[in-house]
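Enquirer: Protein sequences appear in the order of chains A and B.
With positions in the first sequence counted from 1, the corresponding number in the numbering used here is that position plus 2.
With positions in the second sequence counted from 1, the corresponding number in the numbering used here is that position plus 28.
These are calculated hints, taken from the structure and not from any lab test.
Each statement offered as a hint is correct.
Pairs of lysine-lysine residues, derived as DSSO-like cross-links and limited to a Cα-Cα distance of at most 30 Å, are as follows:
#1 Lys17/A x Lys121/B
#2 Lys53/A x Lys17/A
#3 Lys53/A x Lys69/A
#4 Lys121/B x Lys69/A
#5 Lys53/A x Lys121/B
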Amino acid sequence: MSRYAINSLLYHLKKDPALRARFIENPAAAIADADLTDEERAAFRAGDMRKINELGGYLHLVMSIPKIGTHGGH
Amino acid sequence: MGQIAFGGAMSHVLDPEYYQAACGDLGRQKVTEAMEAIARMGDRLVERKPDALIVVADDHMNAFSFNCVPAFCVRIGKTVQRMMQDNAEAFDKVLEHMATEYMLHEELANHVLEQGMASGFDLALSWEAPIDHAFLSPVNTLLGSRPIPPLVPIFVNAFIAPQPTARRCFQFGQHIARVVAKSPWTVGIIATGGLSHFPELLLSRVGQTDTVFDRKLIYWMERGEHEPLLDLTADELHKTGSHEFLNWMVLLGALTPARAEVRYFGELPRINLAAVEWKLG
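Put together the whole structure using the sequences plus the hints.
Expert: Pasting the structure below:
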């Protein structure tokens, strides 16, 4: 099953421009209330999309969040 | 008596800029070739004067997220909206030049839904789900500037485990064929996505495909041998990056035992681009 907390946060970062702006400004503060493990929280704070994906973050969200996502090579 | 007069399947990010960014000049060249092949398929779709076009595709967490992820969902109502995304990037950007609203074939969608429920398919329904590139990139490439027939969008959960089985997708396609046969309408049907890309849905594997697996799928489709495809497992589809082949399985159920003819197959590091048409009647 997919990891709910990570993907819910990714989804809202994609669909909620205000949350996204807060995240870009201060990632730690923007995700303070999210129900994440320490490892997940560290990956978000670092903007490490590869790690977020490995932890269960859905690929198409990881690739398509404006200004934050990574499109991958090739 | 109704009939399915056109059947096709194709990749669903059909945009030269996307593949230029992802794969350089070769990406642009190959997707342009694929799009030309798909537009010619559209010529044949138009010649058959369809009353409706059924589009079997998947969502990318745009329409359905965490409120509900239906295995199969029939989009009902009078119209459907394009998915809107601020500052769209990657495959979402493909949508930006497209119309924002499309007519639905309300009666056919209701028939697929109601007769499905009556015959044992526990289908979801939606009046509001928007449709993303998986639906609209193929539709707009097929039709170009020509009028788009009323659509019947059908969502298949291709990505969020646990997905419906390949066999169940095929059975659902057989249901669609029965509905159309009993109706008064001439119908086109397309399935979208694939072929192999994004194995295991891992960012670290973006850029890998499984061409051997794709060739095997094509071999069976060209011969109309659908039995081996019914046993494809979620694990096989996941490892080979063939998640969206579930959409194709619905189409195969609707068209069986018709044989496929490949109109385009182009290997890129990111994806194997494909356009396939079925010989009907």
